[in-house]
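Kindly produce the complete structure, drawing on both the sequences and the hints.
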Amino acid sequence: MDFGKIARKWREKWERSGIFEADPDERPKFFATFPFPYVNGVPHIAHAFTFLRNEFLARYKRMRGFNVLLPQGWHATGGPIVSAALRIREGDEKQKKILISCGVPEEEVEKFSDPSYWVRYFPRRWREDFSSLGGSVDWRREFVTTSLNPAFSKFVEWQYLKLREKGLVKKGTHPVVWCPKERKVVGDHDRPDEYAGIVPEESILVKFRQGNIVFPCITFRPETVYGVTNLWVNGKAEYAEIRIGEEVWIVSRSRVEEFLLQKGGGEVVKTFPGSDLVGLAAVNPETGDSVPILPSEFVDPDFGTGVVMSVPAHAPFDYAAFRKAVPEGEPVQVIEVEGYGGCPAAEICGDVTDRETLERLTKKLYADEFYKGVMKVGKYAGMRVSEAREKIASDLLNSGKAERYFVLPERVKCRCGSWTVVNILRDQWFLRYSDPAWKKEVHRCIGRMRFYPPEIEKNLRKAVDWLRDWACAHKHELGTPLPFDRDWVIESLSDSTIYMAYYTVAKYLEHPEKYGIDVNRLKPSFFDYIFLGKGDPAEVSAENSVPEDLLKEMRKEFLYWYPLDFRNSGKDLLQNHLVFFLFHHVAIFPESLWPRSVSVNGWVKVGGEKMSKSKGNFITLREALERWGPDPVRVAEAYAGSPGLDDANFDPEFVKTAAKRLVWFFSRFSELYGSGTEERKEIDDWMETRINKRITEVASLYEKTEYREVIDRLLFDASSDLSWYLKRGGRNSEVLRRFFETHVLMLSPIAPHFCEELWESMGKAGFVSLESWPEAGEVDGKVEEKEELVRTVLEDLRELKKLVKGEWKEVRIYTAKSWKYRARDLARKVEDPVKELMKDSEIRKQGKEVVRFVASLLSAPRGGTLSEEEERSYLTSASDFISSEAGCPVSVVRGDVSESPKALRAEPAKPGIEVII
RNA sequence: GCGGGGGUUGCCGAGCGGCCAAAGGCGCCGGACUCAAGAUCCGGUCCCUUAGUGGGUUCGCAGGUUCAAAUCCUGCCCCCCGCACCA
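Each residue of the first sequence is one higher than the one before, counting from 1 in the working numbering.
Treat the hints with care, as some may be off.
What the hints assert, rightly or not - Quick list of in silico lysine-lysine cross-link-like pairs, DSSO-like style, CA-CA up to 27 Å:
| # | residue 1 | residue 2 |
| --- | --- | --- |
| 1 | Lys660 | Lys13 |
| 2 | Lys845 | Lys902 |
| 3 | Lys162 | Lys439 |
| 4 | Lys270 | Lys439 |
| 5 | Lys902 | Lys693 |
| 6 | Lys571 | Lys605 |
| 7 | Lys181 | Lys270 |
| 8 | Lys534 | Lys571 |
| 9 | Lys605 | Lys660 |
| 10 | Lys610 | Lys681 |
| 11 | Lys727 | Lys681 |
| 12 | Lys704 | Lys693 |
Unchecked claim - Just the calculated beta-carbon pair ranges, DEER-fashion:
| # | residue 1 | residue 2 | range |
| --- | --- | --- | --- |
| 13 | Glu591 | Arg737 | 19 to 25 Å |
| 14 | Asn617 | Ser891 | 29 to 35 Å |
| 15 | Arg894 | Thr677 | 30 to 36 Å |
By construction, these hints were calculated from the structure, which means they are not laboratory data.
Even glycine gets a Cβ: it sits at the ideal position worked out from N, Cα and C.
Below, the structure written as C-alpha cells:
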C-alpha cells in the first residue's frame with residue numbers, strides 16, 4: 001500500500017476544495033493553536049508530535065459539528081537567526097553543515113548570511129512539511145513575526161501601547177553578560193556551546209576602608225562579615241586604583257572594565273603590583289575592627305574584584321591560607337553548627353591544601369552552615385543563617401556599608417573570542433509581571449480554565465507566583481521595535497503573547513491587496529476597534545483607510561473565533577510562554593475573551609532515547625514522511641504518548657507496525673465490506689454492542705487528548721473484535737458495513753488520508769474529514785458477558801487439550817448448581833448470606849459446601865450477573881462453535897441434574913468441563 | 001536549595017482498594033503457511049502444580065491501616081524536568 005500516493009491524492013483534493021479554510025458561520029466554533037515554532041531550521045518529529053496533538057483534536061471537533069479554526073504562523077523574533085546568519089557571513093563551517101543537513105543546497109548557503117533570507121526560506125519549508133503531514137490548517141492565515149511583516153508588527157506595537165497605557169511596562173536596570181569588544185549582550189546563542197546557561201549572580205560587595213580608600217570585597221555570605229580576620233589580595237597580580245568622586249577603589253586590573261561598567265564610570269589613577277598592598281590595613285565596616293591585608297595565591301584576580309575578605313573559621317580556602325600566613329592567628333567563629341566545634345573550617349579540612357578538595361569541602365560546609373547553622377554574634381545572634389543572611393545583606397546595603405554587585409560564577413567567552421564581563425543595562429524596559437494585582441487576575445483566569453492533564457494547573461500557578469519583572473526588549477535582534485523607544489526591539493517571548501487574536505483577522509491583514517487595505521496606514525485605532533470594540537466605525541474607517549463594512553466584518557470575525565479554545569505546546573513553554581500568554585490576555589482583553597484551555601506534552605524520544613544529532617536518531621519530519629508515509633507516521637505519533645510532563649516515545653519500529661495494522665484493516669475491508677448475509681445471530685448483537693461501546697469510549701478519549709489509547713482501541717482492540725466475530729461465524733452484512741464505516745470515521749482524525757481513501761471505496765460522496773462522528777447505538781450489557789462465557793470455555797478447553805491426551809469423544813459443559821447463583825446474588829445484597837441461604841431446606845443439605853463457597857465469594861467477589869438459564873441457553877447456542885474448536889460433540893448440561901465432580905466444581909461464570917475419552 | 005513529576009512483570013506502558021499474575025504494544029520462544037526468507041495467522045512468555053476453575057512469589061525499599069493493597073497512610077532510597085531575559 002502506497003501511503004505517500006494516497007496522501008498526495010487527498011491533500012490535493014482538500015486544497016482544491018479549501019475545506020480547512022474556516023470562516024464564521026452558524027455552527028459553534030472551536031479554535032486551536034500550536035505555538036508558532038522558531039524557524040531557524042526544519043521541523044522534526046517532535047515538532048510534529050506537538051502540532052498533531054492540536055491537529056487530532058481539531059479534526060475530531062470538526063466531526064462533532066464544530067466550525068474549527070486551526071491556523072499556523074512562524075516565529076522569527078530574537079537573536080539566534082541573526083547570529084547564525086552572522087556565522088554564515090564569517091564562513092563558519094559548522095553552521096553551513098547545519099543548513100545543508102536541513103536540505104539547503106550547498107550553492108544557496110551564502111544567501112543565509114542575510115537574516116531575512118532565513119525568514120523567507122524556512123517558513124516555506126515548514127508549511128510544506130505540515131501540509132504533507134496532512135495538517136488541516138487554514139493557510140490563508142499564515143504569517144511570520146518581526147518587522148519584516150508590517151501588519152503583524154503593527155499589531156505588536158499596538159499591544160505595547162496598550163500595556164504602557166496600563167502602566168505595565170517600565171524602565172529599570174538589568175545585569176547582562178557583556179562583550180567589551182563587540183559592545184553587546186552575549187546571549188547563549190552568541191557563545192561557544194560550553195558556555196551556555198551561565199548567568200550573572202548577585203553578590204554583596206562589602207566596603208572595607210582605609211580613609212577614603214575602599215577595598216571592595218565580594219561575598220555570597222554577608223553574614224560572615226563578623227568573622228573577618230584579614231583581607232586577601234594576590235601579590236603576583238596587577239591592581240588598579242580607581243577614583244570615583246571622593247573615593248579611591250582598589251580592584252584587580254583585569255576586573256577594571258567590569259567594575260567601571262557596573263559602577264557607571266570612574267577614573268583609573270594608576271596600576272601597581274598586588275604586593276604593594278600587603279601590610280596595609282582596612283576597617284571592617286560592620287565591626288569597626290582594623291584587619292591586615294595579606295597575600296594569598298588562592299585569590300583569583302579574574303573573579304569579582306580581586307580583593308577578598310578572609311573568614312578562616314568558616315571558609316576552607318581562607319583557613320588553609322590563614323594557617324600558612326598567620327600560623328599563630330586565631331579564626332573568629334560567628335556561626336554555630338550542630339556537629340561542628342569552634343572552628344568548622346579547621347575541622348573539615350585539617351591541613352588539606354589542594355584546590356579540588358578545598359572546593360568540595362567548601363560546598364559542603366557552606367550548605368551545612370546555611371541550613372543548620374545559627375548566628376553566634378552580631379545583631380541577629382540566635383537566628384538561623386538561612387534567615388539571617390538576607391537581613392544582614394539588606395542592613396549592609398541600606399547603611400551604605402555594602403553595594404550590590406554582579407559576578408559571573410564562571411568565565412564566559414563570547415563567540416568573537418573575547419572574555420565577557422557583567423554589565424548593568426540602565427535603560428532596560430520591563431514587563432511588570434511582579435505586579436500583585438496583575439498576578440491576581442492571571443490566577444482568576446487560571447481558575448476558569450481547563451488543563452490537559454489537570455495537574456499542570458499547579459505548575460502554572462507556581463510559575464505565575466514566581467515570575468518577576470521581565471526584560472522585554474533587546475537590541476540588535478529581529479523583531480518589532482518598541483513603539484515608544486525605537487532603539488529597542490521587543491524580545492521574542494514578549495511578542496508572542498496574544499498573537500492568537502491576530503489569526504482571527506490574518507486572512508485580511510496578510511492579504512491586504514485583496515481587500516484594499518494599506519497596512520502601513522493602520523493606526524492603533526484600527527486595532528482598538530477590531531480587538532476591543534472601541535471607537536466609532538465610521539471614524540476608524542476614515543482614519544485607517546479601511547472600508548467601514550470590512551472593519552465591522554473583521555470585528556465580527558474576531559468575536560466569532562475568540563476566545564482561544566485549545567492550545568497544546570511542549571512542556572518547555574509551560575513556565576514561560578504559556579504564563580506570558582495568560583498575563584497578556586488578562587491585561588488586554590475582557591474576561592469573556594480569556595483563553596479556555598492549555599495542554600502540554602513531554603519531550604519526544606526516539607526508540608526510547610533522547611533525540612540528538614550525534615546519536616544519529618534525529619529524524620526530520622520530511623525524512624519520516626518520505627520513509628513511511630504520512631498516516632503511519634501520524635499513527636505512531638498518536639501512539640507515542642499522552643498529555644503531560646512525561647516524555648513521549650516515537651518508536652520507528654512502531655511506525656512499521658502501524659503501517660501493517662492499516663494494511664490489515666484495508667485488506668479486511670476489501671474482503672468483507674459489502675459482503676455478508678442477512679442472517680442475524682447472537683454474535684451480531686455482541687459485535688453491535690462492541691461497536692457502540694467503542695464509539696462512546698473513543699469519543700471521550702479524543703476529548704481527553706489520550707490519543708495513544710485511541711490507537712489501542714481502534715487498531716488493536718477493534719481488529720481483535722473483528723477476528724473474534726468472524727471466528728464465531730459472524731457474517732451479517734449490516735454489521736460488517738457498520739463496523740467498517742464507524743471505524744473509518746473514528747480513525748479519520750489520526751489517519752485522514754487512509755480513511756478518505758476507504759470512504760471513497762465505500763462509494764460515499766464527499767470527504768470523510770467533513771463527516772459527523774458516528775452515533776453510538778444501544779449497549780447490551782449482558783451480551784458481552786455471555787460472549788465472555790464462551791471465551792472462558794474456549795480457553796479452558798485449550799488448557800485441557802494440553803493435559804488430556806487421547807481421542808476426545810465428547811465434551812460436557814456443566815453450569816453451576818443453582819444454589820450457587822442464589823448465593824452469588826445474596827452475597828452482594830445481604831449481610832449474612834449463609835444464614836439466608838440456610839433457610840432453604842434443599843440448600844441446607846449442602847451445608848459445609850455452602851459456607852465455603854460463600855466465604856470465598858466474600859473474599860473475592862466474582863461470578864458475573866447471568867442466571868443459570870441464561871448461561872445454559874447461550875452456551876447451547878454456541879455449542880456448534882465450541883464443538884468445532886473441541887473437535888468433538890459438545891453438550892451443555894444443567895448442573896443441578898448431574899453429580900459429576902466437574903458439575904460440583906462449576907461456578908457461575910465458570911462452567912465445569914468434562915472430557916469423555 | 002526551591003518547585004514539579006516519577007519508580008509496575010525483558011522493554012514501552014495501562015491500572016490507582018476486591019473478578020490483578022496485573023490491559024495493550026514491542027521483543028522473544030514455539031507452531032501453521034512457504035523451496036526459503038519476509039509478511040500473515042495461531043499459541044506461549046514470573047515459578048510450581050494440575051484433566052483446566054490450585055498454590056507460591058511479584059508492582060523502588062521498610063513499616064502501617066484493612067477481612068482485602070500495585071492501588072490508602074508513614075518513613076527511606078533512587079531517577080527525571082524547570083529555576084528566566086533565552087528559543
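Hint check results:
Pair hint lysine 660 plus lysine 13 holds up; C-alpha atoms about 26 Å apart against a cutoff of 27 Å. For the suggested pair lysine 845 and lysine 902, the alpha carbons sit about 19 Å apart, so the restraint of at most 27 Å is met. Straight-line distance between C-alpha atoms of lysine 162 and lysine 439 comes to about 18 Å, which keeps the hinted pair within the 27 Å bound. The straight-line distance between the Cα atoms of lysine 270 and lysine 439 is roughly 51 Å, outside the 27 Å bound, and the hint therefore fails.
A distance of roughly 35 Å separates the Cα atoms of lysine 902 and lysine 693; the hinted pair therefore is violated under the 27 Å criterion. For the proposed pair lysine 571 and lysine 605, the alpha carbon gap of about 14 Å is at most 27 Å, so the pair holds. With a C-alpha separation of about 23 Å, the suggested pair lysine 181 and lysine 270 falls inside the 27 Å cut-off, and the hint holds. At roughly 36 Å between alpha-carbon atoms, lysine 534 and lysine 571 are farther apart than 27 Å, so this suggested pair is violated.
Straight-line distance between C-alpha atoms of lysine 605 and lysine 660 comes to about 22 Å, which keeps the hinted pair within the 27 Å bound. Restraint check: the Cα-Cα separation between lysine 610 and lysine 681 comes to about 51 Å, which exceeds 27 Å; the hinted pair is violated. With a C-alpha separation of about 13 Å, the suggested pairing of lysine 727 with lysine 681 holds against the 27 Å cut-off. Using a Cα cut-off of 27 Å, the hinted pair lysine 704 and lysine 693 holds, with the two alpha carbons roughly 17 Å apart.
The given range of 19 to 25 Å is broken by glutamate 591 and arginine 737, whose C-beta atoms sit roughly 49 Å from each other. For the pair asparagine 617 and serine 891, the supplied restraint of 29 to 35 Å is violated, since their beta-carbon distance comes to about 59 Å. The supplied range of 30 to 36 Å is met by arginine 894 and threonine 677, whose beta-carbon atoms lie about 32 Å from each other.
In summary, the structure is inconsistent with hints 4, 5, 8, 10, 13, 14 from the numbered list given earlier, while agreeing with the others.
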